[in-house]
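Chemist: With the hints as extra help, turn the sequences into a complete structure.
If you read the protein sequences in the order shown, they are chains U and L.
Going left to right, the first sequence walks through residues 1 to 216 as UniProt numbering numbers them.
Going left to right, the second sequence walks through residues 1 to 216 as UniProt numbering numbers them.
The set of hints was computed from the structure by calculation and includes no laboratory data.
Some hints could be false.
As the list makes no split between identical chains, a pair holds if one copy fits it or if it spans any two.
Heads up, simulated SDA-like pairs for lysine to any residue below, C-alpha to C-alpha not over 20 Å straight-line [as the list claims (entries may be wrong)]:
hint: 1; residue 1: Lys38; residue 2: Leu6
hint: 2; residue 1: Lys65; residue 2: Arg199
hint: 3; residue 1: Lys38; residue 2: Leu11
hint: 4; residue 1: Lys65; residue 2: Gly156
hint: 5; residue 1: Lys135; residue 2: Asp69
hint: 6; residue 1: Lys65; residue 2: Ala195
hint: 7; residue 1: Lys38; residue 2: Pro150
hint: 8; residue 1: Lys190; residue 2: Thr200
Number of protein chains: 2
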Amino acid sequence: MLNFGLTEMRLVTPRDGWPNPSAGPAASGADIVLEQAKVYESVADAVADCEHVYATTVRKRGVTKPVVDPAQAAAEIHAAPGRSAILFGAERSGLATEDVNLARTILTVPINPQFGSLNLAQAVILVAYEWSKAKDLAQPPRTELLPPAPQEELEGMIGHFELLLADSGYYYPPERVAVTRLTLRNLLTKPGWTAQEVRTVRGVLSAIQGKKQPKG
Amino acid sequence: MLNFGLTEMRLVTPRDGWPNPSAGPAASGADIVLEQAKVYESVADAVADCEHVYATTVRKRGVTKPVVDPAQAAAEIHAAPGRSAILFGAERSGLATEDVNLARTILTVPINPQFGSLNLAQAVILVAYEWSKAKDLAQPPRTELLPPAPQEELEGMIGHFELLLADSGYYYPPERVAVTRLTLRNLLTKPGWTAQEVRTVRGVLSAIQGKKQPKG
Numbered sequence: 001m002l003n004f005g006l007t008e009m010r011l012v013t014p015r016d017g018w019p020n021p022s023a024g025p026a027a028s029g030a031d032i033v034l035e036q037a038k039v040y041e042s043v044a045d046a047v048a049d050c051e052h053v054y055a056t057t058v059r060k061r062g063v064t065k066p067v068v069d070p071a072q073a074a075a076e077i078h079a080a081p082g083r084s085a086i087l088f089g090a091e092r093s094g095l096a097t098e099d100v101n102l103a104r105t106i107l108t109v110p111i112n113p114q115f116g117s118l119n120l121a122q123a124v125i126l127v128a129y130e131w132s133k134a135k136d137l138a139q140p141p142r143t144e145l146l147p148p149a150p151q152e153e154l155e156g157m158i159g160h161f162e163l164l165l166a167d168s169g170y171y172y173p174p175e176r177v178a179v180t181r182l183t184l185r186n187l188l189t190k191p192g193w194t195a196q197e198v199r200t201v202r203g204v205l206s207a208i209q210g211k212k213q214p215k216g
Numbered sequence: 001m002l003n004f005g006l007t008e009m010r011l012v013t014p015r016d017g018w019p020n021p022s023a024g025p026a027a028s029g030a031d032i033v034l035e036q037a038k039v040y041e042s043v044a045d046a047v048a049d050c051e052h053v054y055a056t057t058v059r060k061r062g063v064t065k066p067v068v069d070p071a072q073a074a075a076e077i078h079a080a081p082g083r084s085a086i087l088f089g090a091e092r093s094g095l096a097t098e099d100v101n102l103a104r105t106i107l108t109v110p111i112n113p114q115f116g117s118l119n120l121a122q123a124v125i126l127v128a129y130e131w132s133k134a135k136d137l138a139q140p141p142r143t144e145l146l147p148p149a150p151q152e153e154l155e156g157m158i159g160h161f162e163l164l165l166a167d168s169g170y171y172y173p174p175e176r177v178a179v180t181r182l183t184l185r186n187l188l189t190k191p192g193w194t195a196q197e198v199r200t201v202r203g204v205l206s207a208i209q210g211k212k213q214p215k216g
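Modeler: Right, here's the structure in full:
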């Protein structure tokens with residue numbers, strides 16, 4: 001939950017009571033979620049102040065409610081006025097039918113029809129992950145990529161290659177020179193090397209030439 | 001993995017050897033993934049036949065490779081010709097720097113900047129889940145919702161309400177009748193009740209009336 005910015009956990013008659021000494025280690029440092037957890041006597045009590053209630057379940061038999069996937073649920077939750085609750089059932093039994101009946105919407109993770117075996121933690125993380133996508137706190141990672149070298153430096157490198165190769169007999173036969181040069185140019189343009197990378201390549205070429213890197 | 005249709009797992013020098021008797025119970029029935037798992041001596045061997053290699057890591061210091069999130073990676077993988085490999089590190093240590101260096105792209109899950117603690121299983125399921133979205137095998141759940149009742153049946157129900165309420169003194173004072181009727185109509189139109197639900201409502205009204213449900 002906290003990985004994706006969710007902090008408000010509500011527990012209904014937890015089997016092993018609450019606080020539960022096993023919960024701390026399992027939370028891997030997300031102590032704030034445990035500290036703020038509230039315990040309720042019934043699911044109805046737990047969602048009493050929520051305007052929107054989603055029941056996570058895979059059982060679709062006889063469902064007469066809308067069924068949404070985690071991405072759709074996240075979009076609805078962010079768009080809808082009021083508080084939303086997402087109900088998760090116990091690990092083995094899942095949500096009881098009467099708990100599903102409290103909800104207006106069924107939340108189901110689309111899953112391999114030949115093999116579906118999501119556990120509670122997996123269901124929670126997928127729902128939390130989708131919810132987090134619209135939140136500021138889950139910024140996409142910043143890439144620190146440098147831009148490609150300016151064209152002039154790219155041309156300098158291509159010229160350096162051509163100079164080196166001209167001495168090596170690479171451009172043969174003569175009638176293929178134009179095509180060969182174009183092939184080489186396309187190959188060297190494709191990587192989008194940075195100015196530093198272009199300098200590195202020219203250093204390699206100079207080393208192969210056995211002399212200092214020429215200017216330009 | 002199998003929840004989202006991925007079956008091809010490659011292991012590099014697994015700490016506890018392979019096959020590992022603990023893996024079966026942990027796989028919750030996804031035995032095919034374990035049976036087909038291949039073991040390699042090095043990461044380079046494991047990805048030798050893959051055209052695209054993604055390294056999952058949160059370490060972004062000094063990254064000079066493109067960084068994508070799971071959704072972007074999934075889009076790239078589905079669009080790109082060739083095989084893609086996604087590298088995951090060991091639970092505690094993550095990927096070694098030299099393993100990250102093998103990859104052309106960094107894959108990072110956007111996460112709460114105040115608390116980031118994804119474990120290996122969580123990273124895998126999020127990547128697999130995003131990958132599965134574009135696959136046929138992960139169909140969005142089919143809703144079996146019935147359509148709203150035909151307008152004629154809706155009108156019949158509204159008329160039934162009005163008949164019942166007319167006898168009850170509900171429409172008072174007279175100058176408010178038009179607004180009151182419109183409010184009631186909007187309220188009864190909003191749910192989009194099915195034909196069966198409309199019949200249920202009319203059964204309720206008839207019971208209140210203390211007589212058989214009228215026709216029409």
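Chemist: Starting from the hint list further up, note which numbers the structure goes against and sort them upward.
Modeler: 4, 7
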